[in-house]
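Protein chains: 2
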Amino acid sequence: MRISEMSGKECRELLAHEGAGRLGCALENQPYIVPIYFVAEGDSLFCFATVGQKIEWMRANPRVCIQADEIRSRDEWKSVVVTGRYEELPDDAEHEQVRKHAISLFSRRDAWWMGAYAADEIRKHAGDPIPVIFCVHMKQITGLRAAPDAGQTALDIAQQKW
Amino acid sequence: MRISEMSGKECRELLAHEGAGRLGCALENQPYIVPIYFVAEGDSLFCFATVGQKIEWMRANPRVCIQADEIRSRDEWKSVVVTGRYEELPDDAEHEQVRKHAISLFSRRDAWWMGAYAADEIRKHAGDPIPVIFCVHMKQITGLRAAPDAGQTALDIAQQKW
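If you're matching them up, the sequences are chains X and S in order. Numbering follows this note's numbering, with no gaps: position 81 of the first sequence is 81. Numbering follows this note's numbering, with no gaps: position 46 of the second sequence is 46.
This is chain X alone, in the form it adopts within the complex (with noise of 0.2 angstroms):
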């Protein structure tokens, strides 16, 4: 298998394509991993849940990271990590424009992973259902691809030395 580096033009194709993965957020050095939903465009990626653990942890710190990947065996893969800072888009006059851009990109998409973990924070909230859309502003992305070869594997490596 041989291990090479995804240009940025990638990386963003597969956000694009992908449209799911998981939301990495942190409070107190804790780091807490959920999937998401989400739809990328430019430098954003658009996303909705309810008012749940994984959101109140962004406000209390905006650092997030997302990872999606694309795997089709265990010698040919991608997959991409982005570093970024959330912003929610509140309810109000300011963000109507922008959030109703948010809500025709996700309405083009099958919302399937949005819905499905939306949905049991809108049961733990059962009396008070508070949909939340934010955007991540992506400020790095780096990305992996494996390519099968008749290459050693690390593990191999790595048992020589064991």
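Keep in mind that the hints were calculated from the coordinates and are not lab data. One or more of the hints may lead you astray.
From the structure, some residues in chain X lie toward chain S, with a derived Cβ separation under 10 angstroms [as the list claims (entries may be wrong)]:
#1 Cys25
#2 Leu27
#3 Ile33
These numbers were taken from a predicted model, which means no experiment stands behind them. Idealized CB from N, CA, C, for every residue including glycine.
Given chain X, work out where chain S should sit, using these hints.
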């Protein structure tokens, strides 16, 4: 879709069966996510990597998160989130037995994730690949399960509010 919490036993069964997921670490409250291979045993997840950003970050801050899931369809899935503490198992007399045990666990499994992601770091540190074995001591395990039904999705509910 109906969402319910998984029992601790069900969460552990998923971890034992899956063996691959995502590891989250954090430095100065910046989260970082990478794919990870693990072997679950008792309250421990045994993992393998070579020295790189995630190991450096976990040495500085041992608070970590591991997320794993089984997705059958848009309305039938399970997702488990573990928070825990990183402990490195260095190559010394004190850790010899536990390292041997971990390696025997790794060798019983298909180690492709482990090999795949370690490969890149070995490539980057080509002159000095340093295999690191570590354990995540699980502190909290939670899981959610979705099952199909004819109910309204969270997206439906949210869209009525927008």
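Okay, the hints, checked on the actual structure:
no., hint, result
1, Cys25, "holds, 6 angstroms"
2, Leu27, "holds, 8 angstroms"
3, Ile33, "holds, 4 angstroms"
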